[in-house]
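Engineer: This is what each chain is made of:
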Amino acid sequence: MQGKVMRRWVADDDVEAAVARIELPFNRYGLDHYGISRDHLVTFFSMLAPFYRRYFSVRVFGAEHIPEKGRTMVVGNHSGGLPVDGAMVLTSLLLELDPPRLGQGMVEKFANRWPFLSHWFSRVGQFTGLPEHARRLLEDERCLMVFPEGARGTGKLYKDRYNLVRFGTGFMRLALSTNTPIVPFAFIGGEEALPTIMHLKRLARVINVPYIPISPYVVPVPLPIPCQIFYGKPMEFDGDGSETDEVVIGYVGQVRAEIERLIDKGRSWRREALQQGVIGEADEVAT
Amino acid sequence: MKVLVTGIASHVGRMVAVDLLHREHLVLGIDRRPWPDAPPGIEMFSTDIRKRPAEDVFRTRTPDAVVHLATVTHLSRRAKERHRINLGGTQALFEYCRKYEVKQALFVGRHTYYGADAESALYHTEAEPPMAVTTYPELADLVAADLYAGSALWRFPQIDTVVLRIAYLLGPSRAGTLANYLRGPRVPTILGFDPLFQFIHEQDAARAIVEALEKRLRGVFNVTGPRPVPLSLLIKVTGRSNLPLVRPAFTRLIGRFGLPKLPKGAVNHIKYPVVVDGSAFREATDFAPNFDEVQTMKAYATLDDRW
Numbered sequence: 001m002q003g004k005v006m007r008r009w010v011a012d013d014d015v016e017a018a019v020a021r022i023e024l025p026f027n028r029y030g031l032d033h034y035g036i037s038r039d040h041l042v043t044f045f046s047m048l049a050p051f052y053r054r055y056f057s058v059r060v061f062g063a064e065h066i067p068e069k070g071r072t073m074v075v076g077n078h079s080g081g082l083p084v085d086g087a088m089v090l091t092s093l094l095l096e097l098d099p100p101r102l103g104q105g106m107v108e109k110f111a112n113r114w115p116f117l118s119h120w121f122s123r124v125g126q127f128t129g130l131p132e133h134a135r136r137l138l139e140d141e142r143c144l145m146v147f148p149e150g151a152r153g154t155g156k157l158y159k160d161r162y163n164l165v166r167f168g169t170g171f172m173r174l175a176l177s178t179n180t181p182i183v184p185f186a187f188i189g190g191e192e193a194l195p196t197i198m199h200l201k202r203l204a205r206v207i208n209v210p211y212i213p214i215s216p217y218v219v220p221v222p223l224p225i226p227c228q229i230f231y232g233k234p235m236e237f238d239g240d241g242s243e244t245d246e247v248v249i250g251y252v253g254q255v256r257a258e259i260e261r262l263i264d265k266g267r268s269w270r271r272e273a274l275q276q277g278v279i280g281e282a283d284e285v286a287t
Numbered sequence: 001m002k003v004l005v006t007g008i009a010s011h012v013g014r015m016v017a018v019d020l021l022h023r024e025h026l027v028l029g030i031d032r033r034p035w036p037d038a039p040p041g042i043e044m045f046s047t048d049i050r051k052r053p054a055e056d057v058f059r060t061r062t063p064d065a066v067v068h069l070a071t072v073t074h075l076s077r078r079a080k081e082r083h084r085i086n087l088g089g090t091q092a093l094f095e096y097c098r099k100y101e102v103k104q105a106l107f108v109g110r111h112t113y114y115g116a117d118a119e120s121a122l123y124h125t126e127a128e129p130p131m132a133v134t135t136y137p138e139l140a141d142l143v144a145a146d147l148y149a150g151s152a153l154w155r156f157p158q159i160d161t162v163v164l165r166i167a168y169l170l171g172p173s174r175a176g177t178l179a180n181y182l183r184g185p186r187v188p189t190i191l192g193f194d195p196l197f198q199f200i201h202e203q204d205a206a207r208a209i210v211e212a213l214e215k216r217l218r219g220v221f222n223v224t225g226p227r228p229v230p231l232s233l234l235i236k237v238t239g240r241s242n243l244p245l246v247r248p249a250f251t252r253l254i255g256r257f258g259l260p261k262l263p264k265g266a267v268n269h270i271k272y273p274v275v276v277d278g279s280a281f282r283e284a285t286d287f288a289p290n291f292d293e294v295q296t297m298k299a300y301a302t303l304d305d306r307w
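Protein chains in written order, with our numbering: chain A, 1 to 287; chain B, 1 to 307.
FYI, nobody ran anything at the bench for these hints, they're computed from the structure.
Predicted model only: the values in this text are computed from it and were never measured.
Among the clues, some could well be false.
To be verified - Computed list of lysine to any residue pairs in SDA-like fashion (alpha-carbon distance at most 25 Å, straight line): (1) A:LYS109 <-> B:LYS264; (2) B:LYS236 <-> A:PRO25; (3) A:LYS69 <-> A:ARG28; (4) B:LYS236 <-> A:PHE116; (5) B:LYS264 <-> A:ASP13; (6) B:LYS236 <-> A:ARG8; (7) A:LYS69 <-> A:LEU174; (8) A:LYS109 <-> B:GLU119; (9) A:LYS4 <-> B:ALA301; (10) B:LYS51 <-> B:PRO36; (11) B:LYS236 <-> A:TRP120; (12) B:LYS261 <-> A:PRO115; (13) B:LYS298 <-> B:GLY239; (14) A:LYS159 <-> A:PRO210; (15) A:LYS109 <-> B:LYS80; (16) B:LYS80 <-> B:LYS261; (17) A:LYS69 <-> A:PHE237; (18) A:LYS109 <-> B:VAL246; (19) A:LYS233 <-> A:ILE249; (20) A:LYS109 <-> B:PRO137; (21) B:LYS298 <-> A:ASP32; (22) A:LYS109 <-> B:GLY258; (23) B:LYS2 <-> B:LYS80; (24) B:LYS236 <-> A:VAL10; (25) A:LYS201 <-> B:LYS99; (26) A:LYS109 <-> B:PHE250; (27) B:LYS298 <-> A:PHE26; (28) A:LYS109 <-> B:PRO129; (29) A:LYS109 <-> B:THR189; (30) B:LYS236 <-> A:VAL5; (31) B:LYS236 <-> A:LEU24; (32) A:LYS233 <-> A:GLU258.
Looking at chain B on its own, in the form it has when it is part of the complex (with noise of 0.2 Å):
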């Protein structure tokens, strides 16, 4: 099958990418950012997916399914910007597929989604609305994204398309949201508040992706990794020190004294669990992830530890 990726240049992009080449799978990779030391046998085009450059990739290469990972948080850019990506992209993204015949499109999504908020429940379900776009302002554009994809279904109902809600990336390469979070020697946590985190090893979300795409799904999957635990324990286990904040102190404090920078929006995913059920992932697929809970965090904690 020839599989073209946007976003290869990302930590998980380059992990499906190498999965692919290793099943035997024609890889093809769209990105702004470079590539430098990409294995040989895979074809990266250095554009921006809604530019015309990209549309020429869909025409002259006719890839068989698409791996949808150039979306961004609010980690790495701005509200406009990440506007412009996260939805000008992704709508972009459906127009080719839908005119070049691509049979199957793959949408990464995250598990934030749901939102987190004192009446939410543990274990969402693919059929609950996404409460993110109240409690997380900073998320409704992914959300809407996440949305617009799941929308393809009926729209291009030729398309297999398939919407991925994974939870959080944990692992060596040390990206994404939660990693981010994680990242210096103290945490900041809010003061009596002790939720559960979900995440996954980055290897196991990046086969959870070729696995989708090769039992060829269709529909929106929550996916999984092992069972969650309590933020205290997986700043313990990743050897950071918890550091517990009051209301006030933590809104004041975030962003200054080597504490992570964050919205506004993300106290509530510090205060409340975002906790999804991943058993209709598992049963179309028969994926279940290699790493533990254990491994994933110690997987995040051992590598070239600089505190």
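Extracted from the complex, chain A is given alone in its bound form (with noise of 0.2 Å):
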């Protein structure tokens, strides 16, 4: 199997202990029902570590917010063009917390399409953002990561980073009826990691992606900025899932709110942490 074969070149200690300690029935193949595989696993977290260690230096606030087990939602403001703030939560959830969790993504629609994406993200866990994914998987007691801003989110130009656009509504109807509770968190870093001037709209469409963003240096390749993933205090809301829009929409707004909040605080940490030039080692806050 590829993920075997692989796992033997690019393991790392860390990652192989963290996945070794994931809470998942896996069968004598290392296979879960999803087709989650043990092997990929390590495999994918593995190549994500040296960015997550190194590359983007990431440091994470508040990883004590996260449940250690039941149905979790994590959610969070979407940015810079890739999905490096999703990768980069997702190794946080695996590396940061005691017992590590596999925190899973909603996916868009494209990259199912596409050959070897499809593969790799059907067997770690990242599943197409369809409700019916979302609904099984929290049933089943597992950790959703959410950007409710979509694709709207890392479509953001430069000059519009950390400003939210509008959230979903999907996610807080799920949270209400699977009784979920929502962990908001605020990625900063990813913006200028992946600053967007612009996107080629027409060849997107042509190859059937969201968009293609333009960096200033042209190819969107992340830079080497370090990052840090700010938890904040789980957030449950009454209800079945039931309510009226106006209603949702309300607590959709909270969350919102609790993410703004946490980007500032997240902001004024590091404008602080760089002008001492110690963002690598800077003292620890409450979030």
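Mind docking these for me? Both chains are given alone in their own frames, and the hints should help you get the complex.
Structural biologist: What follows is the structure, given as structure tokens:
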């Protein structure tokens, strides 16, 4: 199996240890009933770990707010042309939590049509963002990673950085009907790591992707900029998902406001750390 | 209970018949094909379900229940005849059931009903519509037969109709859609895609059919065996080798060089998974498969391997 072969080449000790402790019902081939594969997880996260530790020097604040087990939704801002934020949040859930958790993102539909991307995303639990998937995973007590801005969020231009665009409401109805706590987070640095100055709209349509980002240095490759993730306290809302749009939009507003608060907090932390030149080792802050 | 099995000479038909006999039911069978070494106690009728002698079986033998297995896939028949067998046969069967007051009718459908597509979810529930009509046009008549059988629930409320959408069959008989796909030494797949495949051991499938009858189930149910596995693993454990091809090469090469012949629509079913949720059936019947995924794959692999 491809995953197994690659695992031998790239395996990272910490990732190996963390994946071994993920609480998923793997069978004797290391597969769960969604086809998530232990070998593929080790390979996937071993490739992300160097980016997490060194390239983006990711620091995490408030990881203690994420429930150890049970259904959870981590919800945050989306940014930066390529979903670097998603990859780093997933890595943080694996490497910073005890026991580690597998975050499962809700992926844009085009990804499943692409060879290899389709294969890899299915083996590491990153499924197409369908309400059926989200509900089933939550009912299975999994940890879902949600970016309510969707592709509108990653498609932001640099001049609009950290301004949240419209939030969808589907995640809130789902959280209400499945009784899932929402852990808000702010991802800081994604906008600077890959500043988008324009989009190639026509080409994007031709190859059937939501957008193609163009950076000041043309190619959409993220720069090695330190990133931080600020997790906030879990939020729970009253209801069963059958509320009127007005009520649900109100709840979504609360989550959005909390994410904005975390973004502000994160950006001021970052400013101070930059001034002191100690972004790698600055003090802890409460989120 | 007196049970009539249509398509009894098929591999799964034989297994259903034997299981029914074991449980001391009376078994009648209709098939155009012979079953020479049928166990004693099974009354066989060699006829076509749409022909007059078939109706006479209903009239004279008055079965309590009917298991309808006489449907075919693209593998064995051309479109027109397939249409006639799948739709014409199912229609005739329900008409006889109504006319001769059969109490239970069981239609054996397929889980591919839901179709495979990049945008379809894992674990389809019975409430979902049949995507296969668009993703796999060669399955359209089976989908129609499935829906037609389900409509008997409201058209003939006096009959306890049950539609079982069963995952791919796998086992020593090596018959069925998936078994045919895996037949050769090299199994063509599409490069960059490795969908989950869901299958059930043929003996488990036969038992599920019998238990659905005995529990007198009504409604539409997905029937699943063990948990699904990626296609690459299925190929490996069944002792074949994986031949990943880019899409254009795949379309050109299938049906040649010992590779299986597949209709155009099958490509989607090799790129994307069809995985169904069988929990409703398990809750209604307490059914649990006897064979896990490894045993099921091995059961297919280890029999008189010519390759």
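Engineer: When you check the alpha-carbon spacing of LYS109 (chain A) and PHE250 (chain B), does it fall within 25 Å?
Structural biologist: 24 Å, holds
Engineer: Starting from LYS109 (chain A), check that the Cα of LYS264 (chain B) is at most 25 Å away, please.
Structural biologist: Within the cut-off at roughly 23 Å; holds.
Engineer: Under the criterion that the straight-line Cα-Cα distance not exceed 25 Å, is the pair LYS69 (chain A), LEU174 (chain A) satisfied?
Structural biologist: Status holds; Cα separation ~18 Å.
Engineer: Does the alpha-carbon distance linking LYS159 (chain A) and PRO210 (chain A) stay inside the 25 Å limit?
Structural biologist: Given that 25 Å is the threshold and the Cα spacing comes to 19 Å, the pair holds.
Engineer: For the pair supplied as a hint, LYS298 (chain B) and PHE26 (chain A), confirm whether the alpha-carbon distance does not exceed 25 Å.
Structural biologist: Given pair LYS298 (chain B), PHE26 (chain A) holds - Cα atoms ~20 Å apart, limit 25 Å.
Engineer: If you draw a straight line from the CA of LYS109 (chain A) to the CA of PRO137 (chain B), is it 25 Å or shorter?
Structural biologist: 23 Å, holds
Engineer: Keeping to a limit of 25 Å between CA atoms, is the pair of LYS236 (chain B) and PHE116 (chain A) held or broken?
Structural biologist: 19 Å, holds
Engineer: Does the structure keep LYS233 (chain A) and GLU258 (chain A) at a Cα separation of 25 Å or less?
Structural biologist: 9 Å, holds
Engineer: Going straight from one Cα to the other, do LYS109 (chain A) and LYS80 (chain B) come out at no more than 25 Å?
Structural biologist: 36 Å, violated
Engineer: Within a Cα-Cα threshold of 25 Å, do LYS109 (chain A) and GLY258 (chain B) meet the stated pairing?
Structural biologist: Between LYS109 (chain A) and GLY258 (chain B) the Cα gap is close to 35 Å, so the pair fails against 25 Å, i.e. violated.
Engineer: Are the Cα positions of LYS233 (chain A) and ILE249 (chain A) separated by 25 Å at most?
Structural biologist: Answer holds: LYS233 (chain A) to ILE249 (chain A) is near 20 Å, not above 25 Å.
Engineer: Taking 25 Å as the top limit, are the C-alpha atoms of LYS236 (chain B) and LEU24 (chain A) close enough?
Structural biologist: 24 Å, holds
The earlier numbered hints that this structure contradicts are 5, 15, 22, 23, 25.
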